[in-house]
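Asks: Protein chains in written order, with my numbering: chain A, 1 to 139; chain B, 1 to 139.
Think of the hints as simulated: they come from the structure by calculation, not from any bench.
Treat the hints with caution; some may be incorrect.
Just so you know, same-sequence chains aren't split out, so a pair can sit in one copy or run between any two.
What the hints assert, rightly or not - Here are the simulated DSSO-like pairs of lysine-lysine, each with C-alpha atoms no more than 27 Å apart in a straight line: (1) Lys-5 with Lys-55; (2) Lys-44 with Lys-55; (3) Lys-93 with Lys-44; (4) Lys-29 with Lys-44; (5) Lys-7 with Lys-62; (6) Lys-62 with Lys-5; (7) Lys-29 with Lys-5; (8) Lys-5 with Lys-61; (9) Lys-29 with Lys-7; (10) Lys-61 with Lys-29.
Number of protein chains: 2
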Amino acid sequence: MTEEKMKRAEDLVEASKTCIFANTDENGKPQAKAFLKTKANGLKEIWICTNTSSKRAAQVKKNPESAMYFYNEDTFEGLMLSGQAEIIYDDEKRREFWLDSMRMYYPLGPTDPDYALLRFTATRGNFYCNLTNEDFDVE
Amino acid sequence: MTEEKMKRAEDLVEASKTCIFANTDENGKPQAKAFLKTKANGLKEIWICTNTSSKRAAQVKKNPESAMYFYNEDTFEGLMLSGQAEIIYDDEKRREFWLDSMRMYYPLGPTDPDYALLRFTATRGNFYCNLTNEDFDVE
Chain A
1 MTEEKMKRAE DLVEASKTCI FANTDENGKP QAKAFLKTKA NGLKEIWICT
51 NTSSKRAAQV KKNPESAMYF YNEDTFEGLM LSGQAEIIYD DEKRREFWLD
101 SMRMYYPLGP TDPDYALLRF TATRGNFYCN LTNEDFDVE
Chain B
1 MTEEKMKRAE DLVEASKTCI FANTDENGKP QAKAFLKTKA NGLKEIWICT
51 NTSSKRAAQV KKNPESAMYF YNEDTFEGLM LSGQAEIIYD DEKRREFWLD
101 SMRMYYPLGP TDPDYALLRF TATRGNFYCN LTNEDFDVE
């Protein structure tokens with residue numbers, strides 16, 4: 001992918017408040033759900049917050065294969081990142097990503113056992129822009 | 001699901017310009033892509049336009065299990081419909097959904113062999129609103 005296109009893909013992730021997490025359930029059936037994007041390190045690593053008790057966390061533990069999708073309805077740009085997800089309880093990260101508004105989801109605060117982080121690591125990408133699709137490696 | 005909640009889910013689909021189509025590729029890996037919503041009949045049937053030559057069409061022919069996802073970033077409402085997709089070339093439908101602006105994708109017009117319709121039929125739904133998730137049957 002050209003440097004200019006890569007920059008556009010990174011800008012799309014940067015500008016996105018939310019991302020769509022796609023995976024499969026215990027029967028291999030496709031799942032999709034929007035999450036607030038907690039943090040993105042380029043295209044390689046995306047962090048979101050979830051719940052230990054959630055269906056998604058259980059599914060990811062069983063099958064980490066997943067995708068993160070970002071798009072802009074106005075420019076028709078769409079970026080699918082393919083890779084693996086894992087559930088993480090690192091206390092430093094949980095504190096780093098903590099916001100007071102999260103207390104309604106995790107009443108016990110940053111160390112609430114139900115406060116789980118999902119780290120998605122991309123290996124491949126597909127970027128749709130200017131009416132064409134391009135596959136690329138994410139390094 | 002209560003009648004009021006069902007109405008909110010239908011309103012979300014109705015108001016959405018786009019939808020996220022989630023499926024799996026030939027290796028069972030999760031895929032996600034935004035499409036313009038061509039037509040929705042309640043929550044039961046969603047139509048989108050695609051290309052015969054596209055990866056998505058090939059994947060759907062091999063494995064119809066899929067999901068359609070709709071969400072509103074401002075209200076935090078999210079609706080996942082689970083069901084099956086099929087590729088359809090019904091000429092009446094292709095004419096019904098035709099717009100002149102589609103000629104850039106299908107130069108031969110409404111009977112272009114690359115102009116394929118994807119019909120998604122939902123059997124189950126999951127609606128997230130007011131911070132809670134609810135599963136339901138789609139009849």
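Asks: Give a verdict on every hint.
Replies: Checked hints:
no. : hint               : verdict
1   : Lys-5 with Lys-55  : between (35 Å within a copy, 21 Å between copies)
2   : Lys-44 with Lys-55 : both (24 Å within a copy, 24 Å between copies)
3   : Lys-93 with Lys-44 : within (17 Å within a copy, 41 Å between copies)
4   : Lys-29 with Lys-44 : both (25 Å within a copy, 18 Å between copies)
5   : Lys-7 with Lys-62  : neither (34 Å within a copy, 34 Å between copies)
6   : Lys-62 with Lys-5  : neither (34 Å within a copy, 32 Å between copies)
7   : Lys-29 with Lys-5  : between (32 Å within a copy, 25 Å between copies)
8   : Lys-5 with Lys-61  : neither (33 Å within a copy, 31 Å between copies)
9   : Lys-29 with Lys-7  : between (33 Å within a copy, 26 Å between copies)
10  : Lys-61 with Lys-29 : both (15 Å within a copy, 15 Å between copies)
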